[in-house]
Amino acid sequence: MRKLDKWKFIGDNGEFKVENIDQSTYLYFPLANEAEMMSAITPRLHGDIKTGQNTFAMRPVSLEDLHNTKSARNFWLKINDQHVWSAAGNSAAQFSNQFSDEAEEDVELEAGLLWHKITRSNSKLNVQSEITNFVPTNSDTVELMRVKIKNTGAEELKIEPTAAVPIYGRSADNLRDHRHVTSLLHRTKTIESGVVVKPTLSFDERGHKQNEVSYAVLGGDENGKAPAGFFPVLEDYIGDGGNLEWPEAVVKSLDNYLAAGEEIDGYETVGALRFDEVTLKAGEEISYVLAVAIAEEDIDFDQLAAKYCSGDKFEKYLTENRDYWQQKLAVVDFDSADQEFDQWMKWVTLQPILRRIYGCSFLPSHDYGRGGRGWRDLWQDCLALLLMEPEPVSDLLYNNFSGVRIDGSNATIIGSEPGEFKADRNDIKRVWMDHGAWPLLTTKLYIDQSGDLEFLLKEQSYFEAGSELKDKNDEIYQGSVIEHFLVQHLTHFFDVGEHNNFLLKNGDWNDGLDMAENRGESVAFTALYGSNLLELAELLKALSAEKSIEKIELAEELSILLDTIERDFNYQSVDYKREVLSDYRRTCKQGISGRKIEITLTDLISDLESKGQSIFDHLNKNEWIETEAGDKFYNGYYDDDGQRLEGDHPKGVRMTLTGQVFPVMAGAADEDQIQQVVDSADKYLKDLSVGGYRLNTDFKELKTNLGRLFGFAYGHKENGAMFSHMAVMYSNALYKQGFAEAGHKVIDYIYQHCRDFDTSRTYPGIPEYINQRGRGMYPYLTGSASWLLLTVVTQIFGVRGELGNLILDPKLLKSHFDDQGEAAVKTIFADKLLNITYLNTNQLEAAEYQVQEVKINGQAVGFENKSRAAVIERSLIADSGEEELKIEVVLS
71 MRKLDKWKFI GDNGEFKVEN IDQSTYLYFP LANEAEMMSA ITPRLHGDIK
121 TGQNTFAMRP VSLEDLHNTK SARNFWLKIN DQHVWSAAGN SAAQFSNQFS
171 DEAEEDVELE AGLLWHKITR SNSKLNVQSE ITNFVPTNSD TVELMRVKIK
221 NTGAEELKIE PTAAVPIYGR SADNLRDHRH VTSLLHRTKT IESGVVVKPT
271 LSFDERGHKQ NEVSYAVLGG DENGKAPAGF FPVLEDYIGD GGNLEWPEAV
321 VKSLDNYLAA GEEIDGYETV GALRFDEVTL KAGEEISYVL AVAIAEEDID
371 FDQLAAKYCS GDKFEKYLTE NRDYWQQKLA VVDFDSADQE FDQWMKWVTL
421 QPILRRIYGC SFLPSHDYGR GGRGWRDLWQ DCLALLLMEP EPVSDLLYNN
471 FSGVRIDGSN ATIIGSEPGE FKADRNDIKR VWMDHGAWPL LTTKLYIDQS
521 GDLEFLLKEQ SYFEAGSELK DKNDEIYQGS VIEHFLVQHL THFFDVGEHN
571 NFLLKNGDWN DGLDMAENRG ESVAFTALYG SNLLELAELL KALSAEKSIE
621 KIELAEELSI LLDTIERDFN YQSVDYKREV LSDYRRTCKQ GISGRKIEIT
671 LTDLISDLES KGQSIFDHLN KNEWIETEAG DKFYNGYYDD DGQRLEGDHP
721 KGVRMTLTGQ VFPVMAGAAD EDQIQQVVDS ADKYLKDLSV GGYRLNTDFK
771 ELKTNLGRLF GFAYGHKENG AMFSHMAVMY SNALYKQGFA EAGHKVIDYI
821 YQHCRDFDTS RTYPGIPEYI NQRGRGMYPY LTGSASWLLL TVVTQIFGVR
871 GELGNLILDP KLLKSHFDDQ GEAAVKTIFA DKLLNITYLN TNQLEAAEYQ
921 VQEVKINGQA VGFENKSRAA VIERSLIADS GEEELKIEVV LS
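Per my numbering, the very first residue in the sequence shown carries number 71; after that it's consecutive.
Among the hints, erroneous ones may be present.
Below, a list of computed lysine-lysine pairs in the DSS-like style, where the Cα atoms sit at most 27 angstroms apart [said to hold, decoys possible]: (1) 542 <-> 611; (2) 87 <-> 295; (3) 540 <-> 351; (4) 228 <-> 87; (5) 398 <-> 187; (6) 659 <-> 753; (7) 87 <-> 386; (8) 528 <-> 398; (9) 514 <-> 884; (10) 773 <-> 815; (11) 220 <-> 398; (12) 787 <-> 702; (13) 377 <-> 295; (14) 322 <-> 295; (15) 659 <-> 499; (16) 896 <-> 884; (17) 492 <-> 542; (18) 383 <-> 398; (19) 770 <-> 787; (20) 753 <-> 398; (21) 806 <-> 925; (22) 148 <-> 187; (23) 936 <-> 956; (24) 611 <-> 218; (25) 770 <-> 702; (26) 295 <-> 351; (27) 647 <-> 617; (28) 194 <-> 140; (29) 78 <-> 528.
These are calculated hints, taken from the structure and not from any lab test.
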């Protein structure tokens with residue numbers, strides 16, 4: 071076996087190639103458009119194609135199916151009437167040679183922003199295939215595939231081509247639910263350009279529905295000439311004793327194919343298209359274009375084939391595809407000393423878009439759920455949107471607030487429309503205790519980027535039992551965004567365990583901590599809520615100052631939770647907190663009155679600051695721990711037996727990364743504490759064989775009193791893998807507190823590991839986690855991409871907003887600057903595209919420089935110097951007549 075090299079970037083827009091790509095098993099690549107055509111494709115053209123849970127054109131696949139099943143895209147050649155060769159590498163003969171010493175085939179991948187090309191050369195047969203796949207960027211739900219065949223020898227080659235794509239044509243549920251019965255619903259027909267199947271019903275024993283969705287495999291040669299005939303029935307195509315990797319119709323050159331106009335009912339379907347035999351001279355090539363289509367209404371598929379299935383049409387739409395995604399991502403770009411890192415970040419920038427399209431399902435690793443996103447995703451995906459497509463974010467955020475419940479929890483079943491939330495399945499309400507924290511964090515970023523403080527005053531409804539909450543007068547009740555924040559944060563503030571930390575309930579960010587709903591506590595997210603309370607107080611101060619507002623109206627019931635205003639309080643007492651919360655819940659259970667009370671902003675700010683500071687004091691007094699070896703860090707959790715999770719233990723010191731991230735990010739830790747956290751994380755969690763910092767140490771115990779994650783093998787997923795999301799948030803927290811070198815290492819470890827393709831086996835981009843063997847897992851659909859993009863733009867390059875003004879606060883290391891001392895970033899701010907170049911001609915480290923001069927389009931501008939950063943008035947950006955501004959920043 072040849073050693074796999076790292077992927078190599080071959081262009082300026084993320085294009086890359088990998089040689090010997092057939093020597094890796096679990097790879098796949100996404101192909102999609104914003105009409106929600108979603109495909110996955112492997113180097114051997116395996117994968118699937120779908121538009122949703124109930125509309126799969128190809129058989130749904132999980133990760134292991136990529137090598138355990140045979141239902142792949144394929145293109146066959148019968149060469150000189152004797153040799154059978156798959157241009158995709160999917161033949162029994164080719165698989166039998168996979169580990170032979172004399173390799174007959176060279177296979178290379180080239181890919182770019184949502185296009186995928188495999189070149190396969192066979193030295194024995196003197197033939198080469200080049201297969202390119204992509205999904206057009208229009209509203210059509212179709213995947214296109216061009217197959218180029220070239221004679222690389224000196225003699226003529228006679229070839230008989232047959233394209234074959236098995237058509238599954240139904241819901242993923244039917245994979246194990248009436249697989250055969252649902253094939254009886256198939257109504258298959260041949261048309262001039264291909265094979266179409268339209269099942270009669272959408273099969274569901276809870277209630278069958280007439281089906282309106284059709285699936286098709288269409289094709290033409292480079293001039294658009296239609297196939298000679300078709301093998302539409304799977305069992306006829308493979309033959310008795312055959313299979314999809316050695317089909318009788320190809321091996322025996324069967325000529326009993328059907329012409330256009332035939333109809334066959336009740337069998338599994340394959341889009342097998344026989345093309346005319348052709349002879350290729352030495353060096354000559356020919357191409358064919360296939361289209362796999364899904365249509366939710368009756369359409370003219372021959373017309374669709376005319377639109378796509380020829381060489382010039384394919385090239386036209388491929389060019390459009392490249393231009394579209396290039397322009398889509400052009401709003402965020404990096405230019406540093408490490409050009410490969412800059413290219414890698416293009417794929418990271420794409421990932422939040424893929425998450426919007428695929429949700430958290432529909433790629434082979436993500437074989438759970440039925441599409442869509444969860445509550446946490448709604449808010450965290452907006453982080454990247456704010457940097458790339460800020461215009462719709464205000465409406466998205468506003469709509470999302472309608473999913474908040476008056477008890478501080480939220481809807482968990484997210485609909486497909488903005489602001490659409492559904493009742494809990496089986497009336498079981500699960501509560502993740504971190505859910506209340508993300509809306510404020512995201513909204514704060516929105517307000518900082520936009521200056522839109524009035525957003526806080528917008529009125530929105532609450533969610534209740536699949537509908538909008540009504541008051542005692544049967545009127546839909548609405549409260550301000552501020553009120554929604556208060557409901558989310560104050561209910562959690564009083565909902566504490568016996569150690570005075572917020573109850574863990576059914577889990578926090580770590581879904582694997584799901585078995586401690588009685589006595590479990592999340593110290594980590596107690597810290598984040600504490601920070602949020604203080605951040606909200608600061609927002610209210612700004613609102614009061616800018617809008618001259620002295621009072622706001624809040625739900626009468628909230629006065630119970632704003633306890634510092636009118637009565638004595640004791641935040642050291644768990645019993646006191648529980649009594650307050652019980653009083654509030656009892657009142658709300660009787661129904662919301664609909665009455666409002668006026669609260670002065672001064673009183674409200676004071677209340678929030680008292681609560682936030684009490685959390686920080688508690689954390690540093692009670693949760694800052696020291697081991698027998700003298701290492702210091704934060705405890706992050708308590709289990710369902712009320713036992714502290716972290717610190718010394720007979721089975722070894724226990725530590726979690728999550729337990730450190732949020733106190734550091736929140737600002738609860740001082741500089742000395744942060745350095746001790748860094749030292750402890752380096753000692754107990756850092757492991758470069760998995761790309762950096764593990765999520766936790768090995769507890770060597772099945773902790774059924776805390777969560778399912780302890781049932782996972784150590785080093786996998788939430789049990790001690792390098793989990794990118796938390797690692798990147800760790801980096802963000804370190805950068806935020808001025809620990810630039812430590813923050814840089816976290817990201818660099820991940821990046822360097824991923825680019826070592828022989829180990830990571832992952833394409834460019836950041837995977838969800840790195841497993842115990844160093845392999846990148848669950849690529850493309852991880853929330854860590856949004857956090858990484860946010861960290862690189864707002865912390866490393868330091869371009870961010872502060873109540874609408876522009877902050878330039880770079881934390882670039884000397885190594886980030888090129889030989890001329892320059893590093894640049896492109897991003898959107900105030901509806902302008904900013905091209906910002908930092909000039910560090912003295913090659914200073916981050917701690918050594920500050921902003922000395924700022925020029926916009928060549929003109930020096932004034933700025934406020936704030937802790938070595940520059941604060942630039944928004945009007946200097948927004949009022950410019952230019953759509954694109956060039957900003958030069960001198961560091962000294």
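Verification of the supplied hints:
no.: 1; hint: 542 <-> 611; verdict: violated (33 angstroms)
no.: 2; hint: 87 <-> 295; verdict: violated (32 angstroms)
no.: 3; hint: 540 <-> 351; verdict: violated (77 angstroms)
no.: 4; hint: 228 <-> 87; verdict: violated (31 angstroms)
no.: 5; hint: 398 <-> 187; verdict: holds (21 angstroms)
no.: 6; hint: 659 <-> 753; verdict: violated (49 angstroms)
no.: 7; hint: 87 <-> 386; verdict: holds (23 angstroms)
no.: 8; hint: 528 <-> 398; verdict: violated (31 angstroms)
no.: 9; hint: 514 <-> 884; verdict: violated (31 angstroms)
no.: 10; hint: 773 <-> 815; verdict: violated (32 angstroms)
no.: 11; hint: 220 <-> 398; verdict: violated (34 angstroms)
no.: 12; hint: 787 <-> 702; verdict: holds (26 angstroms)
no.: 13; hint: 377 <-> 295; verdict: holds (13 angstroms)
no.: 14; hint: 322 <-> 295; verdict: holds (24 angstroms)
no.: 15; hint: 659 <-> 499; verdict: holds (16 angstroms)
no.: 16; hint: 896 <-> 884; verdict: holds (20 angstroms)
no.: 17; hint: 492 <-> 542; verdict: holds (22 angstroms)
no.: 18; hint: 383 <-> 398; verdict: holds (22 angstroms)
no.: 19; hint: 770 <-> 787; verdict: holds (16 angstroms)
no.: 20; hint: 753 <-> 398; verdict: violated (42 angstroms)
no.: 21; hint: 806 <-> 925; verdict: holds (25 angstroms)
no.: 22; hint: 148 <-> 187; verdict: holds (22 angstroms)
no.: 23; hint: 936 <-> 956; verdict: holds (22 angstroms)
no.: 24; hint: 611 <-> 218; verdict: violated (65 angstroms)
no.: 25; hint: 770 <-> 702; verdict: holds (22 angstroms)
no.: 26; hint: 295 <-> 351; verdict: holds (20 angstroms)
no.: 27; hint: 647 <-> 617; verdict: violated (34 angstroms)
no.: 28; hint: 194 <-> 140; verdict: holds (25 angstroms)
no.: 29; hint: 78 <-> 528; verdict: violated (49 angstroms)
When each numbered hint is compared with the structure, violations occur for hints 1, 2, 3, 4, 6, 8, 9, 10, 11, 20, 24, 27 and 29.
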